[in-house]
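Student: So you can see what is in the structure, the chains are spelled out below.
Number of protein chains: 2
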Amino acid sequence: MKSVRIIIMPKEGLLDPQGRAVEEMLKENGFQVSNVRVGKVVELEVSEDIDLHRLVEKYLINPLIENYEIEEHSKKD
Amino acid sequence: MKSVRIIIMPKEGLLDPQGRAVEEMLKENGFQVSNVRVGKVVELEVSEDIDLHRLVEKYLINPLIENYEIEEHSKKD
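Protein sequence lines, in the order shown, are assigned to chains A and B. With the numbering used here, you'll find the first sequence wraps up at 77, consecutive numbering, no jumps. With the numbering used here, you'll find the second sequence wraps up at 77, consecutive numbering, no jumps.
Pulled out of the complex, with its shape left as it was, chain A reads as follows:
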């Protein structure tokens, strides 16, 4: 088994209403922020031989509107 973290973000150029809402809220509270985007992260342990790209593209994201990154970590124990 290996530990994997998948970062799923709305594609650049697409509306991200959740990000917009967070940005407005932070600015109203005095923080200088910009380009706020909100996405999802899925952490899981998978067997070594898994087709991770198929898993992500078929079951976890909507490829029309989302991009993803995969970070693999070797298992500690």
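Source of the hints: derived by calculation from the structure; they are not laboratory data. In this text the structure is predicted, and so the values were computed from the model without any measurement. Hints are supplied without guarantee of correctness; some may be wrong.
As the list claims (entries may be wrong) - Calculated cross-link-like contacts (lysine-lysine; reagent style DSS-like; alpha-carbon spacing at most 27 Å): (1) A:LYS40 to B:LYS58; (2) B:LYS40 to A:LYS2; (3) B:LYS2 to A:LYS58; (4) A:LYS27 to B:LYS40; (5) B:LYS27 to A:LYS2.
Dock chain B against the given chain A, drawing on the hints supplied.
Tutor: Okay, now just chain B, sitting in the frame of chain A:
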């Protein structure tokens, strides 16, 4: 300005119904997975002198049920 990514996960030991649902769905589709957890990621650009921990702890997470990690990236351009 600097680019920051904040990873927000449900605390270990707490129920994560979304993670459970994703795990069941992946298993039903033949994937060997375990310990699936679903969290949020917030990417943003902030001024260099910002109190990032205060921003996150006061405005982005519920510290009773969520943990977070901050990843800082220097701005490319």
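Student: Now, for every hint given, state plainly whether the structure supports it.
Tutor: Hint check results:
no.: 1; hint: A:LYS40 to B:LYS58; verdict: holds (20 Å)
no.: 2; hint: B:LYS40 to A:LYS2; verdict: holds (21 Å)
no.: 3; hint: B:LYS2 to A:LYS58; verdict: violated (34 Å)
no.: 4; hint: A:LYS27 to B:LYS40; verdict: holds (20 Å)
no.: 5; hint: B:LYS27 to A:LYS2; verdict: holds (16 Å)
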